[in-house]
Amino acid sequence: EADIYQTPRYLVIGTGKKITLECSQTMGHDKMYWYQQDPGMELHLIHYSYGVNSTEKGDLSSESTVSRIRTEHFPLTLESARPSHTSQYLCASSKRRGTGSYEQYFGPGTRLTVT
Amino acid sequence: AQRVTQPEKLLSVFKGAPVELKCNYSYSGSPELFWYVQYSRQRLQLLLRHISRESIKGFTADLNKGETSFHLKKPFAQEEDSAMYYCALSGNAGNMLTFGGGTRLMVKP
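Residue numbers (the working numbering), protein chains in the order written: chain S, 1 to 115; chain G, 1001 to 1109.
No lab work stands behind these hints: they were computed from the structure. Treat each hint with caution, since some may be false.
Said to hold, decoys possible - Facing chain S, according to a computed beta carbon distance under 7 Å, are these residues of chain G, among others:
(1) Leu1010
(2) Phe1014
(3) Arg1041
(4) Leu1046
(5) Leu1048
(6) Gly1101
Unchecked claim - Taking lysine-lysine and the DSBU-like style, the derived pairs with C-alpha atoms no more than 30 Å apart in a straight line are:
(7) S/Lys95 - G/Lys1015
(8) S/Lys57 - S/Lys95
(9) G/Lys1108 - G/Lys1015
(10) G/Lys1015 - S/Lys31
(11) S/Lys57 - S/Lys31
(12) G/Lys1108 - S/Lys31
All of these numbers come straight from a predicted model, not from anything done at the bench. C-beta: ideal position from N, C-alpha, C; glycine also.
Taking the hints into account, I'd like the entire structure generated from these sequences.
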């Protein structure tokens, strides 16, 4: 079934550890995104990709990095986690509709806690 | 720069009452506006888009370019409408979304 998958769903990790948040989609979409969301707060775009080997930084500055080696896979990496990285991370992908507009589909999110 | 503002963090109404979630935006071009909803323990999902002029689950939203608003309305709220609602704007880039801060709707029995 076409979907967006994120793993892990929950992660508690100590300061200084390297972590990778996984995002995969089987929807055949070219464009993918990472958002950061604090509880009850707005979503902030931190990374996006238009396709393989394309990555850009979003509106919110982030110490994380991303890669896009395969169309369906868009992992996010933190080289050295800090408590300020504690947040929810949402992955999304989009397709262009017949009207020319785009619709974004979201994964279930990864809730990261850095102690 | 594009910006989306949702002035109410929390909106609490009784079942059967009308509900209006406010959304204002700033954008110099012709934006496309969306409402996304996140029910408890579920992922964020698209509720409706202004370009479709559709009614989904009884909700409607009209784009008012003069007032730069895209308020979400429902004449009779139901308990299952309780959720977090986000207004979002897409500008000329077409696929980049700017989200508002969200409004939590609580519908009391």
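* To do: Starting from the hint list further up, note which numbers the structure goes against and sort them upward.
  => Those not satisfied are hints 1, 2, 3, 5, 7, 10, 12.
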